[in-house]
Amino acid sequence: MEKQIDFLAIGDITTDAFIRLEKASVHCDVNKENCQICMDFAAKIPFEFVEILRGVGNSPNAAVAAARLGLSSTLVSNIGDDQNGRECREKIVTEKIGTNLFTVHKNKETNYHYVLWYEDERTILVKHQSYPYRLPKFTPPRWMYVSSMASGTRDYLKEIAVYIKKNPEVKVCFQPGTFQINLGLDEVVLPFYEHAEVFVSNVEEAQKILNSTAEIKGLLKAMKALGPRIVLITDGPKGAYMYANDTYWFMPIYPDPKPPYERTGAGDSFAATFVSALALGKSPEEALVWAPINPMSVVQYIGAQKGLLTREQLEKLLERAPKNYFPKKI
Numbered sequence: 003m004e005k006q007i008d009f010l011a012i013g014d015i016t017t018d019a020f021i022r023l024e025k026a027s028v029h030c031d032v033n034k035e036n037c038q039i040c041m042d043f044a045a046k047i048p049f050e051f052v053e054i055l056r057g058v059g060n061s062p063n064a065a066v067a068a069a070r071l072g073l074s075s076t077l078v079s080n081i082g083d084d085q086n087g088r089e090c091r092e093k094i095v096t097e098k099i100g101t102n103l104f105t106v107h108k109n110k111e112t113n114y115h116y117v118l119w120y121e122d123e124r125t126i127l128v129k130h131q132s133y134p135y136r137l138p139k140f141t142p143p144r145w146m147y148v149s150s151m152a153s154g155t156r157d158y159l160k161e162i163a164v165y166i167k168k169n170p171e172v173k174v175c176f177q178p179g180t181f182q183i184n185l186g187l188d189e190v191v192l193p194f195y196e197h198a199e200v201f202v203s204n205v206e207e208a209q210k211i212l213n214s215t216a217e218i219k220g221l222l223k224a225m226k227a228l229g230p231r232i233v234l235i236t237d238g239p240k241g242a243y244m245y246a247n248d249t250y251w252f253m254p255i256y257p258d259p260k261p262p263y264e265r266t267g268a269g270d271s272f273a274a275t276f277v278s279a280l281a282l283g284k285s286p287e288e289a290l291v292w293a294p295i296n297p298m299s300v301v302q303y304i305g306a307q308k309g310l311l312t313r314e315q316l317e318k319l320l321e322r323a324p325k326n327y328f329p330k331k332i
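One rule links them: number in my numbering = place in the sequence shown (from 1) + 2.
Simulated restraints on C-beta separations:
| no. | residue 1 | residue 2 | range |
| --- | --- | --- | --- |
| 1 | Ile39 | Lys139 | 35 to 45 Å |
| 2 | Phe49 | Asp258 | 24 to 34 Å |
| 3 | Thr312 | Asp42 | 39 to 49 Å |
Quick caveat, the hints were computed from the structure, so don't treat them as lab data. The structure presented is a predicted model; accordingly, all values stated were derived computationally and were not measured. Cβ atoms here follow ideal geometry from the backbone N, Cα and C, with glycine treated the same way.
My request is simple: use the sequences and hints to build the entire structure.
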C-alpha cells in the first residue's frame, strides 16, 4: 500500500540568479514605503558576484523546509525539458523530496529569475513560462501546501479547488503568490480561503487581498471570516500575528545572531515551519513558537533554502531562546 505523503507542495519552481550589486541607491517615501532601487541609466554597473540557486520558489522552499524537519515531502511542479529543468529536479532530489509528480513539457524552458540583491533586500526580475498546467493524480496527502504560480493559471486553480472540495480530509495551507494575491477575492481563489486550515501572508499582502487598510486585528478577523481555521500575518522584523480559536496572538522574531545577510525566503520558511509543526502534532500556539526560528537562520545565507534547519537544530535553538520569546495574547 502506498505510504501517505505528509506534505504535498504545489507551485512553480525556478532558478534564481542572485546578482550582488555594488553601486545603487534606494529612495523611499518619508514613511519608508514605496521604495525604489536606482542605478545609473545607460551605464556599466559593477557587481560583486553572482550565485545561481536551482530548485527554488515558494512551494519548493516549503517542501525543503518540511523535509528537513522530518516529514515526507513531495513537490507538484512544472518544468521544461532543458538543462535548467533537469538541474532544478536534481536539486530537489538531493533534499529527499519526491519529484514523481513533476510534469516535464517538451520544447519548453524552465523558469529562470534574476535577483538584484542590494544591502539586505532584493528585487526579483521574474518571467514565468506558460505551461498547460494539469493536476497529476496522487493519493490524498495529510497536508497540501498551495502557493505561487504563474499568471494565467485560473483553470489550474479551479482544478486544485475541486480536488480540495472532494478530499476534505486533506488539510490545506494557502500561502498565495503574486498572481493569486492580485486576484483579490475572485471566485477562483475563494475556495482556497474557505477550505484552508492555515492561511499565511504578510501585512501588505493581506491588505491587498482584502482591499483594506485595517490594522492587524481587523485584517486577521476579516481574513478569518473568509474561512481559514488559522490565520497568520507576518510583519517582517516586527514579528507575526495569529488568529486561532477565537484568540489573537503576537509572536516576536527569534533574535538574529547578526544583521540579516539576505531576506529571500523568510516568509516561506515561517509558513512551512508552522505547518510542519502542526503536522508533527504541535498545537497552533506551539507551532507559532517554532515558526520564527527558521527565518532567523534563512536570512543569514543567500537564498531561501541553505539556512533551513533540521528538527534537532531547531529544537536546540528553541531551548536557548530568550525568556521573552513566547507568544502573547493581544
